[in-house]
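Number of protein chains: 2
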Amino acid sequence: MYIEINSPLDMHLHLRDGAMLNLVAPLSARHFSAGLIMPNLVPPIRTIDDVVSYKKRIIRAIQNEKFTPYMTVFFHEQLDFNTLQALKKEILAVKMYPDWVTTNSAWWVKTVDLAKIWHIFEAMQTLEIPLCIHWETNDFVMDREKNFIPIYEMLVKTYPKLKIIMEHITTKESADFVEKYDNVYATITLHHLMITLDDVVWWLLQPHLFCKPIAKRPEDRQALLNLVLKWSKKVMFWSDSAPHPITKKETKYCSAWVFTAPIAIQFLVELFEKHNAIEKLWLFLCQNAKDIYKINPPEKIVRLEKKEYMIPERYYDVVPFKHEQIVSWSFTHW
Amino acid sequence: MYIEINSPLDMHLHLRDGAMLNLVAPLSARHFSAGLIMPNLVPPIRTIDDVVSYKKRIIRAIQNEKFTPYMTVFFHEQLDFNTLQALKKEILAVKMYPDWVTTNSAWWVKTVDLAKIWHIFEAMQTLEIPLCIHWETNDFVMDREKNFIPIYEMLVKTYPKLKIIMEHITTKESADFVEKYDNVYATITLHHLMITLDDVVWWLLQPHLFCKPIAKRPEDRQALLNLVLKWSKKVMFWSDSAPHPITKKETKYCSAWVFTAPIAIQFLVELFEKHNAIEKLWLFLCQNAKDIYKINPPEKIVRLEKKEYMIPERYYDVVPFKHEQIVSWSFTHW
Numbered sequence: 001m002y003i004e005i006n007s008p009l010d011m012h013l014h015l016r017d018g019a020m021l022n023l024v025a026p027l028s029a030r031h032f033s034a035g036l037i038m039p040n041l042v043p044p045i046r047t048i049d050d051v052v053s054y055k056k057r058i059i060r061a062i063q064n065e066k067f068t069p070y071m072t073v074f075f076h077e078q079l080d081f082n083t084l085q086a087l088k089k090e091i092l093a094v095k096m097y098p099d100w101v102t103t104n105s106a107w108w109v110k111t112v113d114l115a116k117i118w119h120i121f122e123a124m125q126t127l128e129i130p131l132c133i134h135w136e137t138n139d140f141v142m143d144r145e146k147n148f149i150p151i152y153e154m155l156v157k158t159y160p161k162l163k164i165i166m167e168h169i170t171t172k173e174s175a176d177f178v179e180k181y182d183n184v185y186a187t188i189t190l191h192h193l194m195i196t197l198d199d200v201v202w203w204l205l206q207p208h209l210f211c212k213p214i215a216k217r218p219e220d221r222q223a224l225l226n227l228v229l230k231w232s233k234k235v236m237f238w239s240d241s242a243p244h245p246i247t248k249k250e251t252k253y254c255s256a257w258v259f260t261a262p263i264a265i266q267f268l269v270e271l272f273e274k275h276n277a278i279e280k281l282w283l284f285l286c287q288n289a290k291d292i293y294k295i296n297p298p299e300k301i302v303r304l305e306k307k308e309y310m311i312p313e314r315y316y317d318v319v320p321f322k323h324e325q326i327v328s329w330s331f332t333h334w
Numbered sequence: 001m002y003i004e005i006n007s008p009l010d011m012h013l014h015l016r017d018g019a020m021l022n023l024v025a026p027l028s029a030r031h032f033s034a035g036l037i038m039p040n041l042v043p044p045i046r047t048i049d050d051v052v053s054y055k056k057r058i059i060r061a062i063q064n065e066k067f068t069p070y071m072t073v074f075f076h077e078q079l080d081f082n083t084l085q086a087l088k089k090e091i092l093a094v095k096m097y098p099d100w101v102t103t104n105s106a107w108w109v110k111t112v113d114l115a116k117i118w119h120i121f122e123a124m125q126t127l128e129i130p131l132c133i134h135w136e137t138n139d140f141v142m143d144r145e146k147n148f149i150p151i152y153e154m155l156v157k158t159y160p161k162l163k164i165i166m167e168h169i170t171t172k173e174s175a176d177f178v179e180k181y182d183n184v185y186a187t188i189t190l191h192h193l194m195i196t197l198d199d200v201v202w203w204l205l206q207p208h209l210f211c212k213p214i215a216k217r218p219e220d221r222q223a224l225l226n227l228v229l230k231w232s233k234k235v236m237f238w239s240d241s242a243p244h245p246i247t248k249k250e251t252k253y254c255s256a257w258v259f260t261a262p263i264a265i266q267f268l269v270e271l272f273e274k275h276n277a278i279e280k281l282w283l284f285l286c287q288n289a290k291d292i293y294k295i296n297p298p299e300k301i302v303r304l305e306k307k308e309y310m311i312p313e314r315y316y317d318v319v320p321f322k323h324e325q326i327v328s329w330s331f332t333h334w
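Protein chains in written order, with the numbering used here: chain A, 1 to 334; chain B, 1 to 334.
Isolated chain A, as found in the complex (with noise of 0.2 Å):
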């Protein structure tokens, strides 16, 4: 059994830099036919200058691989109308990292000064940029993702027409919020829709699970993966796969995110497979996001046949999502 998929889309991807970004960058490229490149660098990517840069290591990286770098900047209080207009034809979509979801707030928006970019959110709807946000307060953690909504509710409300994408939402109240609004939008991972907290710290602690926002509970997986199965038109696949070295992860104090991209679509394809669902998969993979952001990405043709395949144990330091695990579509080539 064959299944091809036209163009799969990772709309929210850490590629890094350096030595790092030479390792992961043609992982994904070499299966997805582009991918929405998440901005967080140290220091973010904040300029054109940045973006142009950043964009040309990434396709130094990728090689000969036919995938395009969809770019993104970090929000930052001195965007205005005018960096925006100009910046808009480099990058797809403005991140914004509110700064209670780290303690590194150097970088990040001020909650504070709320008002004071307003105007930027103005000049966003008007330019028709999308914003994506990492859509967390810094609550205690199982409640931080559910307590944003009210807090953000006004922006959604007073820019109907400003493109919201929540990003990587994993609960029941997200999911809800996501069908609740016309001009609300939002990003799956392929970890949230497979596992809970009981994963990560119920038998034994699994470093190579703890990713943020945190698993949640069963019937938060359980929404989400409704609202994918149901075909909505509002919610993209992105794997943010974020890769860390093991000696990041197998240590006193690890970092978070998890490796996903070299499994994904075969993940995916089992998942959709197993729910009756498998001929809609091209919605959340592809489709939605071509809507969502107006794109037209790179046609590549991926296919899979239903033949096992044991995830690595590793990728040079990089221990994947479910490594050592059998899933059971293949890609037929590499």
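A couple of the hints might just be wrong.
Some residues of chain B that are not near chain A, with every Cβ distance over 12 Å (derived) [said to hold, decoys possible]:
id : residue
1  : N22
2  : L41
3  : D49
4  : Y54
5  : E77
6  : D80
7  : K88
8  : A123
9  : L127
10 : M142
11 : L155
12 : V178
13 : V201
14 : C211
15 : N226
16 : W231
A few chain B positions that, by computed beta-carbon distances, are all more than 12 Å from chain A [to be verified]:
id : residue
17 : L131
18 : I149
19 : I278
Computed footprint of chain A on chain B; a stretch qualifies when at least three of its residues, placed anywhere within it, have a C-beta under 8 Å from a C-beta of chain A [claimed, not checked]:
id : segment
20 : 57-65
21 : 202-209
22 : 245-252
Since the hints were derived computationally from the structure, they do not count as laboratory data.
The model shown is predicted, which means the values in this text are computed figures rather than measured ones.
Ideal Cβ positions, reconstructed from N, Cα and C, are used throughout, including at glycine.
Based on the hints, put chain B in the right spot on chain A.
Coordinates of chain B only, in the frame set by chain A:
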């Protein structure tokens, strides 16, 4: 500033066996007067011979320290009035792990067979042997303690003279339950008074704070603290100190439990001092257990002074709780 504590007790302690026993037993025996020793070796401690032999190994391991190991046996379906009567002179309590708390159910009490073991509870009540219960179901990790209450409330009501100790409570619901019935008591760890799930899985994942039951929500921690600080007669300190070598903690699949034995008393003094309750620490750390178990442990005065102490990074190959952090009290002698 100095404080003296007479006969601190650790009423739930894992000493392991073999080389690990020899490493950790002296660390507990140095400052505790006695401890209730958990029977979950592999295979578990079940018979008089098991108890006597394990106790001998413990006494050898603690060398010349004045320390009484109060022994327990593993609850199993072959216990009856006669075996319990014979065991009574060697043990202080029976420890029960319902099978649902682990996948390794071979040695554990089968839930489905609860009716078959009713006579054992009857015998324990008659013989006045307390029952310590690992108080969790096999539900979602954040619900498993809360969901245990309705199941075991029947046991509490059916045997109103059987002393039931809810081991290592971590939730507000358990803190409320312990006050609801005269025959219910509880143990609380140091770490559950200090950390929440945020410490385990928020910014960075911390395997050395990964314990069972998992640390819960801020309001749960507050409820435990309130119970202890109101000088409840029904709660006892226990460290649940359980050492794991660093190779089992900083790896792909990390073992649970934390190692607090050598630094628990110092942190308890700091915590009670912070809440202006230092003069009542002896209830939690000593007197309540003496009253509940009707024991008379050896007198051992431990003396602390208000002087900063840096927790070591390791005890041999075991990383302790709050490693490399400072506690504001020190023992005047080690």
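Is the Cβ of L41/B farther than 12 Å from every Cβ of chain A? holds, 19 Å
Checking a non-interface call: every C-beta of chain A should be farther than 12 Å from the C-beta of C211/B. Is that right? violated, 10 Å
Nearest-CB test (12 Å) between chain A and W231/B: Consistent with the label, W231/B stays out of reach of chain A, its closest Cβ about 28 Å off (over 12 Å).
With 12 Å as the threshold, tell me whether V201/B passes as away from chain A on beta-carbon distances. violated, 5 Å
For E77/B, is the shortest CB-to-CB distance to chain A above 12 Å, so the non-interface label stands? holds, 24 Å
Minimum C-beta separation from L127/B to chain A exceeding 12 Å: can you confirm that? holds, 34 Å
Outcome, coverage of the segment 245-252 of chain B by chain A - at least 3 residues whose beta-carbon is closer than 8 Å to one in that chain: Coverage by chain A holds for the segment 245-252 of chain B (3 residues, Cβ < 8 Å).
Does the claim that N226/B lies outside the interface with chain A hold up, using a Cβ gap greater than 12 Å? For N226/B, whose nearest Cβ neighbour in chain A is about 18 Å away, the distance exceeds 12 Å, so it holds.
Does M142/B clear chain A by more than 12 Å, comparing its Cβ with all Cβ atoms of that chain? Its Cβ does come within 12 Å of chain A, the nearest being 7 Å, so this is violated.
Taking a Cβ-Cβ distance under 8 Å as contact, does the segment 57-65 of chain B have three or more residues in contact with chain A? violated (count 0)
Beyond 12 Å from every Cβ of chain A: is that where the Cβ of I278/B lies? At roughly 29 Å from the nearest Cβ of chain A, I278/B sits farther out than 12 Å, so the non-interface label holds.
Just double-check N22/B for me: nearest Cβ-Cβ distance to chain A has to come out over 12 Å. Consistent with the label, N22/B stays out of reach of chain A, its closest Cβ about 25 Å off (over 12 Å).
The structure shown violates the earlier hints numbered 10, 13, 14 and 20.
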